[in-house]
Amino acid sequence: MRAIVFPERTKENEQDTLKNGEEFHLMLNDTAYSQVLFSMKHSTSRYVFSGIQLDRLPESVVRDYMMKIGGRIGQHLPRKIARATFISIAESSEIGPYQIKVLCNHDGYGSSVDVTDGYKTMYAHEVRAAAKKVEEKIYQITGCKKNVVCRGQLENFTDIDESRIRKISVHL
Numbered sequence: 038m039r040a041i042v043f044p045e046r047t048k049e050n051e052q053d054t055l056k057n058g059e060e061f062h063l064m065l066n067d068t069a070y071s072q073v074l075f076s077m078k079h080s081t082s083r084y085v086f087s088g089i090q091l092d093r094l095p096e097s098v099v100r101d102y103m104m105k106i107g108g109r110i111g112q113h114l115p116r117k118i119a120r121a122t123f124i125s126i127a128e129s130s131e132i133g134p135y136q137i138k139v140l141c142n143h144d145g146y147g148s149s150v151d152v153t154d155g156y157k158t159m160y161a162h163e164v165r166a167a168a169k170k171v172e173e174k175i176y177q178i179t180g181c182k183k184n185v186v187c188r189g190q191l192e193n194f195t196d197i198d199e200s201r202i203r204k205i206s207v208h209l
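Sequential numbering of the sequence shown, starting at 38, is according to our numbering.
Hints may be right or wrong, so weigh each one.
As the list claims (entries may be wrong) - The calculated DMTMM-like cross-link candidates involving lysine to aspartate or glutamate, where the alpha carbons are at most 20 Å apart (straight line), are: (1) Lys170 to Glu199; (2) Lys169 to Glu128; (3) Lys138 to Glu60; (4) Lys182 to Glu172; (5) Lys157 to Glu131; (6) Lys78 to Asp67; (7) Lys117 to Glu172; (8) Lys169 to Asp198; (9) Lys117 to Glu128; (10) Lys183 to Glu173; (11) Lys138 to Glu172; (12) Lys183 to Glu172; (13) Lys138 to Glu173; (14) Lys204 to Glu60; (15) Lys78 to Glu192; (16) Lys48 to Glu59; (17) Lys182 to Glu192; (18) Lys169 to Glu192.
Unchecked claim - Cβ pair distances, simulated, as ranges: (19) Glu96 to Glu128: 23 to 33 Å; (20) Cys141 to Arg203: 14 to 24 Å; (21) Gly180 to Thr47: 39 to 49 Å.
Source of the hints: derived by calculation from the structure; they are not laboratory data. C-beta atoms are modelled at their ideal positions from N, C-alpha and C, and glycine is treated no differently.
Construct the entire structure; sequences and hints are all you get.
Next comes the structure, spelled out in C-alpha cells:
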C-alpha cells in the first residue's frame, strides 16, 4: 500500500503528528509516492523534506517562496492557495465533497458542517481512486509527462494489493 500513516498524538510524538492529533492514513498517488521516495533518498535529516542545511523545511521557506511567486505574477498568494487549487481540480474531476474532505484531511467542523460527518465511511481504495483522478487531471491540465515528474521510478513500483486496502476504512 502506498500510504503514510500519521499516528495519533501522544506526549512522545507531539511534534510529528497532524494538528488535529488523530491518526490519519494519507493515501498517495504514484506522483506523491515518487516525490516522497526521492526526498527520502536525498534528505540529510530524519525529516523527509529537509531544508537546505536545515533538519527540516521551516514554514517561513514556504511563505517566502509564495511571496516570491506572488511578486512575479503581481498578485498576493496566500499559503492556502495550494489547498484551494487542489480542491478546485478535485471538483473538476467530479470527486464528491466528502471525498475531497478526506483527501484534504478536513474534518468539517467549520462553518459549513455536514450533519452526516462522522457517520460516513470511505475505504482506502476509494480514497486512492479519488487521488488518482486528481493526479490524472493535473497531468491533463499541465501537459506534464508523469514518468518525467516521477523521475523514471514508475517501472520500479510494485502492484498494489487491492484486497488489503479494501479493508482499511477512513473516517472524519
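(request) Compare the structure with the hints numbered earlier in the document and write down the numbers of the violated ones, lowest to highest. (result) none
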